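K.L.:
Single-letter residue listing:
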Amino acid sequence: MKRAALLAVAAISYIAAAWMVAPGFYDGFLPPAPYNWTCPPPQAGANNKPSSGHLDVKVTAGASEPDSVFTDDGQVVMGFLPGAFDVTGKTSISVDITPLDTCPTPAGILLVTNVYKISATAPLVKDSNLVIRYSNLMQDPSTVYFATDPSGPWKSIPVAQQSQPYTLDTSTKDFGYYAAGLPRGSSSSTPATAGTTQLLPVVVAALVIVVVLAGLPLALIRRRRGAGAESDEDADEEEEDDPTRI
Amino acid sequence: MISAVSSRAGVRAAVLGAYVLLVEVTRALVMNAQYAAVPALILGGLALAVAAVGWPAARLGLGTSGLALRVVGGCALGVVLLLPTAVRAGAAPVLPMSLAVAAIAVSVGEELAFRGALYAALDELGGARLAVLGSTALWTAAHALSHPAAFLPAVAAAGLLLGLWRWACRDLVGPIIAHVIADLAL
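These protein sequence lines map, in sequence, to chains A and B.
Residue numbers for the first sequence follow my numbering, so the first one is 668 and each next one is one higher.
Residue numbers for the second sequence follow my numbering, so the first one is 1058 and each next one is one higher.
Pulled out of the complex, with its shape left as it was, chain B reads as follows:
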């Protein structure tokens, strides 16, 4: 265990995890300032996407083969993410269109960071199980500041679902599409 953590893969996973958490916490704190919500989301999304720089596209799950199926899979995941709210439509906050770009930036950035780079680093370190569970745990922790505690089980369950899709289909296109759909709708 110690040798695994002190290995190059372990250091890489630890640094990536710390970086992603730092970006998410900073984003959550800065967002509370006046006029800062949209810039914080866009810059936060870009900073998260930086975590994926240097990884081969295939390792991130970003291949182009079977693209149509990946897109359809993303739509199916999007349906699952939106279903509880759609059934209780009266409870749905609808995102103002002016914030759509920010929502897209942060959702793409989060997927590249959590299910892309972090997943790949953890997979390299300890296999698929560590990758799915580890990326889900960090994803949940990263949302602890920006979400009330009551929402965290739903956040964790969403992270687990997207992480399992990443593992089962070796695909990140689906989670990106689903996350963008969910953020735009909610």
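For reference, chain A alone in the conformation it holds in the complex:
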């Protein structure tokens, strides 16, 4: 009884402590910072407008220097290798990332991030690394989409292995409009809130059912078995090692 009471107190203490911080206990992956939406989904709550980013790439000895441009909220990062730009006639190159203030809904594609316009005053001659962060409030995107005009057409770009949670990495030589998304009708492009906000209560409910349906009969069987042989249960701490104490 003493052990059960201590466990109950510990469980209540945990629930109280975890209630004060969302999402409570977690391990390994930090909860992502809130995504700044152009068009926030209903479950987003308070929202800040997404940021833009600007970079002036220096040209030294006839080649552009390595550098990276990123939005102030870190939702898009683009890295350039040395000599990434065609620098003919340039002494520096200006690069801008600007979130589009509308949210295109191209046919057959579900975009799950803002659309960003990435532009520069010189074209790229080398592949550059593009990282797009996405939110945990929508489905996980499977690819990065690119278009030269927000009205389309949008084409899918292969993504590299995920380097950080909640990001997609790709490489490109093109400037234009970028967003992360997935094909509509794919198994994970079900309505927006189903994958995120309702899964956890279902998991917990299923676990409760397992515990009740399997645990009670098991506990009763064990109690009946132990009733004959049990002698002194409360000499707990000094018992010799018995892995069957459960």
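None of these hints come from the bench; they were simulated from the model.
Remember, predicted model here, so these are calculated numbers, not experimental data.
Glycine residues also receive a C-beta, built at the ideal position from the N, C-alpha and C atoms.
A couple of the hints might just be wrong.
Claimed, not checked - Some chain A residues judged to face chain B by a derived CB distance under 7 angstroms, without partners named: (1) 688; (2) 754; (3) 870.
Said to hold, decoys possible - Selected chain A positions facing chain B (Cβ under 8 angstroms, derived; list incomplete): (4) 686; (5) 867; (6) 877.
Got chain A; can you put chain B on it based on the hints?
P.N.:
Then chain B, alone, in the frame of chain A:
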């Protein structure tokens, strides 16, 4: 006290504690590097599991008797760990499936290290009370780098709950299952 610490059991507990802390701190630091999150979690989990090598399964709480009850107990612990988040489902980050293997590796490794080997070493040194409180304190300290300070009370309370289960039921299967469930869901 001094003689206890300088005993063989004391040295073993100290070395184990230092090793586990070192692995956790290294994992937390390496995870910040680009492309390093998943490898750091998997390798960190494996390195933590090494702490349990050489201990008899029974001392780690890994017996097979009453396995069904241990599994059900793990599910019950999992419910407790997830309950606050499930009630406020809108606050729940859902782990991308691609990171599931890493989450499993690190949760199993942490349980083998903290509630398995470290618990056994501290139990040998100073009994169940030291084992529960000591493993919880080190568990909390090990998460200080990877978690914001506001989360540490919840981390400590989770460690205490799992440690008390380890003591009360002499079982590590339940904490492993609960930890895996919590890491996969969060």
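K.L.:
A closest beta-carbon separation below 8 angstroms is what the hint needs, so does residue 686 of chain A meet it against chain B?
P.N.:
5 angstroms, holds
K.L.:
Go through the hint on residue 870 of chain A and say holds or violated, using the shortest Cβ distance to chain B against 7 angstroms.
P.N.:
6 angstroms, holds
K.L.:
So, as I understand it, the hint says residue 754 of chain A touches chain B; can you test that by seeing if any CB pair is closer than 7 angstroms?
P.N.:
This interface hint is violated because 27 angstroms lies over the 7 angstroms limit.
K.L.:
Under the criterion of a CB-CB separation shorter than 8 angstroms, is residue 877 of chain A in contact with chain B as hinted?
P.N.:
Hint holds; residue 877 of chain A Cβ to chain B Cβ min 5 angstroms, cut 8 angstroms.
K.L.:
Do the numbers back the hint for residue 688 of chain A, that is, is its least Cβ distance to chain B under 7 angstroms?
P.N.:
5 angstroms, holds
K.L.:
Let me know if the C-beta of residue 867 of chain A comes in closer than 8 angstroms to any C-beta of chain B, holds or violated.
P.N.:
This hint holds: residue 867 of chain A lies near chain B, its Cβ roughly 5 angstroms from the closest one there, short of 8 angstroms.
Checked against the numbered hints above, the structure breaks only hint 2 and satisfies the rest.
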